[in-house]
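> Read in numbering that gives the first Met the number 0, the sequence shown has 79 at position 80, and its numbers run on one by one without any break.
What the hints contain is simulated information worked out from the structure, not anything from laboratory work.
Please note: incorrect hints may appear among the correct ones.
[Stated by the list, open to error] In silico DSBU-like links for lysine-lysine, alpha-carbon gap of 30 angstroms or less:
(1) K160 x K97
(2) K97 x K19
(3) K96 x K160
(4) K38 x K96
(5) K97 x K118
Predicted model, so just to flag it, every value in this text is computed and none were measured.
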Amino acid sequence: MDIIQTLAQQLNLTAEQVGKTVQLIDEGNTIPFIARYRKELHGAMDDTSLRTLEERLSYLRGLQERREAFLLLAAEAQILLDEDRTEDLAALAADWKKQETAVPPGPGLFPHALRVLSKLEALDGDWRELLRRAEEAPPAAVPETLLERLGTYFAFRYLLKAVNDGDLLGQAQFCVLMVLTAQRLTAVCGFWEAVRRLCCEVEHSEETLEALRLAFLRDAALSPGAFLCQLRS
């Protein structure tokens, strides 16, 4: 998630304004100090606007943290599944705490993930064109509550499949990919149409879902590390 760009879109500010203001906040400056003494950096935003930005920044960073934690926990649980230690899963979930994880620099998931989706079986003739247009468009500023609801839907729908196929990490990657791709597609067709088209095209067959699962296992550009790079970008 590009938090700076998202905040700029949501608050109708420039990315430069947001970036400089976020830097001031991260340096420990208070909102009254920033409003009064750093006008040349934030463009004369008032206290209310600055506090709104600070609140949105905190929320978006929290959302990013939760997505990362979701993937990292799934990765650790996958180790237990691979070692046939299912009896330890409950203890892991109860005691798990997110640790700092170093992520090697990389390009993230996009546009590669969109190109992978375009190679799968398509139901509608314009699906691949929609994906191509999404490659060129920046992610849309979708309300986070909608993205969280969408993520919850996919989590409830797919994580339980790991009971049968043992691929909890792959199912978690799928859930995150669907949310991030919906956000990308929103820029070209709107959120609800993006969700409808994405679900129709990707969920219509087990063969398509299996092809994606194998891609997560075999394609380094869709590895867990690539997901973390994307979330931290």
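> Look at each hint and say if it fits the structure.
Hints versus structure:
Between K160 and K97 the alpha-carbon distance is near 24 angstroms, which keeps this suggested pair within the 30 angstroms criterion. Only pairs whose Cα atoms come within 30 angstroms are accepted, and K97 paired with K19 is accepted, the gap being roughly 29 angstroms. A C-alpha spacing of about 24 angstroms is found between K96 and K160, which places the hinted pair at or below 30 angstroms, so the restraint holds. With a C-alpha separation of about 39 angstroms, the suggested pair K38 and K96 falls outside the 30 angstroms cut-off, and the hint is violated.
Simply put, K97 and K118 have alpha-carbon atoms about 35 angstroms apart, too far for the 30 angstroms limit, and the pair is violated.
The structure fails to meet hints 4 and 5 from the earlier list, while all remaining hints are met.
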